[in-house]
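Visitor: Chains as they are written, first to last, in our numbering: chain A, 58 to 420; chain B, 58 to 420.
Treat each hint with caution, since some may be false.
Which copy is meant is left open, so a pair is good if it fits within one copy or across any two.
As a list, the in silico SDA-like pairs of lysine to any residue whose alpha-carbon atoms are at most 20 Å apart [claimed, not checked]:
#1 K350 - E322
#2 K381 - G352
#3 K190 - S150
#4 K235 - Q260
#5 K235 - R262
#6 K350 - N323
#7 K158 - A319
#8 K235 - E263
#9 K414 - M152
#10 K235 - L252
#11 K350 - R329
#12 K235 - G261
#13 K414 - D215
#14 K214 - L242
#15 K350 - P324
#16 K350 - E330
#17 K350 - R262
#18 K381 - S347
#19 K350 - I326
If you are wondering where the hints come from, they were derived from the structure by calculation, not from laboratory data.
Protein chains: 2
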Amino acid sequence: MITLKMTLRRMLSERRRSNNKLSRALSSSQIHHASRTTWSPPLVSLDLLDDCSSTFTHSHAAPIQKCTNDNARIIDGRSAAEEIKSSIAIEVSRMKESIGKVPGLAVILVGRGQDSLAYVRNKIMACHEVGFKFSIAELPENCTEEEVCDALSNYNKDASIHGILVQLPLPQHFDAGKILNVLSLEKDVDGFHTLNIGNLAIQGREPLFIPCTAKGCIELLLRSDVEIVGKRAVVIGRSNIVGLPTFLLLQRHHATVSIVHAYSENPEIIAREADILVAAAGVPNLVRGSWLKPGAVVLDVGINPIEDPESEHGYRLIGDVCFKEAVRIASAVTPVPGGVGPMTVAMLLLNTLEAAKRALHFP
Amino acid sequence: MITLKMTLRRMLSERRRSNNKLSRALSSSQIHHASRTTWSPPLVSLDLLDDCSSTFTHSHAAPIQKCTNDNARIIDGRSAAEEIKSSIAIEVSRMKESIGKVPGLAVILVGRGQDSLAYVRNKIMACHEVGFKFSIAELPENCTEEEVCDALSNYNKDASIHGILVQLPLPQHFDAGKILNVLSLEKDVDGFHTLNIGNLAIQGREPLFIPCTAKGCIELLLRSDVEIVGKRAVVIGRSNIVGLPTFLLLQRHHATVSIVHAYSENPEIIAREADILVAAAGVPNLVRGSWLKPGAVVLDVGINPIEDPESEHGYRLIGDVCFKEAVRIASAVTPVPGGVGPMTVAMLLLNTLEAAKRALHFP
Chain A
58 MITLKMTLRR MLSERRRSNN KLSRALSSSQ IHHASRTTWS PPLVSLDLLD
108 DCSSTFTHSH AAPIQKCTND NARIIDGRSA AEEIKSSIAI EVSRMKESIG
158 KVPGLAVILV GRGQDSLAYV RNKIMACHEV GFKFSIAELP ENCTEEEVCD
208 ALSNYNKDAS IHGILVQLPL PQHFDAGKIL NVLSLEKDVD GFHTLNIGNL
258 AIQGREPLFI PCTAKGCIEL LLRSDVEIVG KRAVVIGRSN IVGLPTFLLL
308 QRHHATVSIV HAYSENPEII AREADILVAA AGVPNLVRGS WLKPGAVVLD
358 VGINPIEDPE SEHGYRLIGD VCFKEAVRIA SAVTPVPGGV GPMTVAMLLL
408 NTLEAAKRAL HFP
Chain B
58 MITLKMTLRR MLSERRRSNN KLSRALSSSQ IHHASRTTWS PPLVSLDLLD
108 DCSSTFTHSH AAPIQKCTND NARIIDGRSA AEEIKSSIAI EVSRMKESIG
158 KVPGLAVILV GRGQDSLAYV RNKIMACHEV GFKFSIAELP ENCTEEEVCD
208 ALSNYNKDAS IHGILVQLPL PQHFDAGKIL NVLSLEKDVD GFHTLNIGNL
258 AIQGREPLFI PCTAKGCIEL LLRSDVEIVG KRAVVIGRSN IVGLPTFLLL
308 QRHHATVSIV HAYSENPEII AREADILVAA AGVPNLVRGS WLKPGAVVLD
358 VGINPIEDPE SEHGYRLIGD VCFKEAVRIA SAVTPVPGGV GPMTVAMLLL
408 NTLEAAKRAL HFP
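Using the sequences provided together with the hints, build the complete structure.
Guide: This is the structure in structure tokens:
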């Protein structure tokens, strides 16, 4: 069987040249860059008393924008992610020089679903770019829950691995909740452990890790100078992986949040109330221009492949938001690809770096 | 020191007559009543696929209503709670006769805050009414976290205690989260353990216990024939005890939920979108008639004492909703007192009964 590892060896060798470029950049002019990159402030600092009026302001990097001929500015997730990865790479170099160790990320991959393979491939490449150790346990589709838990337990015990993720979705015969809870809380860089979700929901608590897509969305808002406190946010879709944590995180950042799902009556009316709209339903072009309040900020989490004979691979990716309509009505919008997607991977790296720093007591 | 226990001994003796009445009722005509009382269906059964339209209907008891001269029907939480308590008492009798055991509830009370004393008093009375064992650990305001955790650990180990609750709020120098997590998950009848909140948030999971006020609110909606699926619900207030779990539970019942808090801009406009409004801000008369959509169902969780020289004790309780305005605009409304409050206590008893049944393997 040609494993993912073998495929990746080839891809990684092809990427060497561009990575060398990144290394050179890191070792020279960008070396002071890390301190300029700000990441979401810790949650507990945001738990303001509910009986006073809002005076909270975020510190943030310069807004990310490109000009277009339409109204909306395009929130460029790719360049934000590159910036964050550069900062992470600097931290990894510092760690390696100082204590001779690097952060390690492990992925458990069950089966060979094309989407999962693509996502894992991106994660491996990203780890390589920033200098993380990467390990993968590939298990066949028909493996048992026990085998998955064994692989997890091995990584739990492995001191060179600081972050572990189980690539979701798992085949239907698995109890994902049971498996995710076997994962060591300190290595749960996806933030899906029940205790992490519980601590994200409960005011005054701080989860060890915040789920990556939700964290990436907030990061883009903060970097784009979007005010969150007190604003109306609508999350379309309530998956455990994206919709729920994004709702919880926006709420912790003091937005007034509504969550829309397949049972919601008049979703377009609710969406139109949003100052900040997060589309995470997995339905191509679900959100039309008529769903948007003029001036809204739109984060499109959808990644939907659609046939396109003119594209190199016969298909292209589109989001949940009808982009060409959105740019005429929104004040800012993320593109697909190149919006939230790259930020999700960057946040995974960031969570893994944090896990490694915690485990190694590295400041 | 006159302890709460001593005060209660007197109160309990005064209540004996009314309790005898309840016992007589249970032993005769109401004996077949338990099967008629329906409680919220388990959550997992509600996790419908998000890609189909709503066809879900609840089984429920007859709607609870009284006629008034105004428009709204009054959702009578007191009589619903009595009905549930009667059913619980029957179950307790059955358990006692069958295995010689009864459910046991323990409360940890730190300090002697007047509100906490009143709430604990209600819980003791309710336990007595339905035939539960009750135990209380009273600790002084200046006790240490360790002493609270010791008391908790003792109850964790005590096989005659099936439910434990820590009366909140704790004095400010305590880390409530840390203390609540010492509590055995199987005895967390308040449902505030991080794992219980996490499992309430995550679709497809079922928490061992659902927080009592949230559960009481849903129970009142179901019993009052209020459709929840797809409807817009607004929760005002986002406390960890009421607002957050009520939001999560309404969401699990497929409402489209928004959560409003002190930082929300234009709360009255958002409230006016609600088909179901839950007011849990702790601000007397916050929700005026102008905050309500005509025909909305209003659940008032607030219990605010205000001075009233004409009342026996010099004060009376009012809710977060301006009742006299609400009855003219809403289609149904809970009064204060006599609405959500009694249901909270009934749900605590129900959670404790469930805990005992689980621990004792009693069907």
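Visitor: Could you run down the list of hints and mark each one as holding or not?
Guide: So, going through the hints one by one against the coordinates:
In this assembly of identical chains, the alpha carbons of K350 and E322 lie at most 20 Å apart whether taken from the same copy (18 Å) or from different copies (16 Å). For a Cα distance limit of 20 Å, the shortest separation of K381 from G352 inside one copy, 15 Å, qualifies, whereas the shortest one across copies, 39 Å, does not. Taking the closest pair of Cα atoms, K190 and S150 come within 20 Å of each other only inside a single copy of the chain (13 Å); across copies the shortest separation is 62 Å, beyond that limit. Within a single copy, K235 and Q260 get their C-alpha atoms only as close as 25 Å, which misses the 20 Å cut-off; across copies the closest is 14 Å, which meets it.
Taking the closest pair of Cα atoms, K235 and R262 come within 20 Å of each other only across two copies (10 Å); inside a single copy the shortest separation is 23 Å, beyond that limit. For a Cα distance limit of 20 Å, the shortest separation of K350 from N323 qualifies both inside one copy, at 15 Å, and across copies, at 16 Å. In this assembly of identical chains, the alpha carbons of K158 and A319 never lie at most 20 Å apart, being 47 Å within a copy and 46 Å across copies at closest. For a Cα distance limit of 20 Å, the shortest separation of K235 from E263 across copies, 12 Å, qualifies, whereas the shortest one inside one copy, 22 Å, does not.
Taking identical chains as interchangeable, the C-alpha atoms of K414 and M152 lie at most 20 Å apart only when both belong to the same chain, with a minimum of 9 Å there against 54 Å between chains. Taking the closest pair of Cα atoms, K235 and L252 come within 20 Å of each other both inside a single copy (13 Å) and across two copies (13 Å). Proximity of K350 and R329 under a CA criterion of 20 Å is satisfied in both settings, with 5 Å inside one chain copy and 19 Å between copies. Taking CA atoms no more than 20 Å apart as the test, K235 paired with G261 passes between copies only; the shortest distance there is 12 Å, against 26 Å inside one copy.
In the homo-oligomer, the alpha carbons of K414 and D215 lie at most 20 Å apart inside one protomer (16 Å), although the nearest pairing across protomers, at 41 Å, exceeds that limit. When the C-alpha separation of K214 and L242 is checked against a cutoff of 20 Å, the pair qualifies only within one copy, where the shortest distance is 12 Å, while the shortest distance between copies is 26 Å. For the homomeric pair K350 and P324, the shortest alpha-carbon distances inside one copy (13 Å) and between copies (18 Å) are both at most 20 Å. In the homo-oligomer, the alpha carbons of K350 and E330 lie at most 20 Å apart both inside one protomer (6 Å) and across protomers (17 Å), since each shortest distance falls under that limit.
Neither within a single protomer nor between protomers do K350 and R262 lie at most 20 Å apart by alpha-carbon distance, with minima of 33 Å and 35 Å respectively. In the homo-oligomer, the alpha carbons of K381 and S347 lie at most 20 Å apart inside one protomer (12 Å), although the nearest pairing across protomers, at 39 Å, exceeds that limit. In this assembly of identical chains, the alpha carbons of K350 and I326 lie at most 20 Å apart whether taken from the same copy (10 Å) or from different copies (16 Å).
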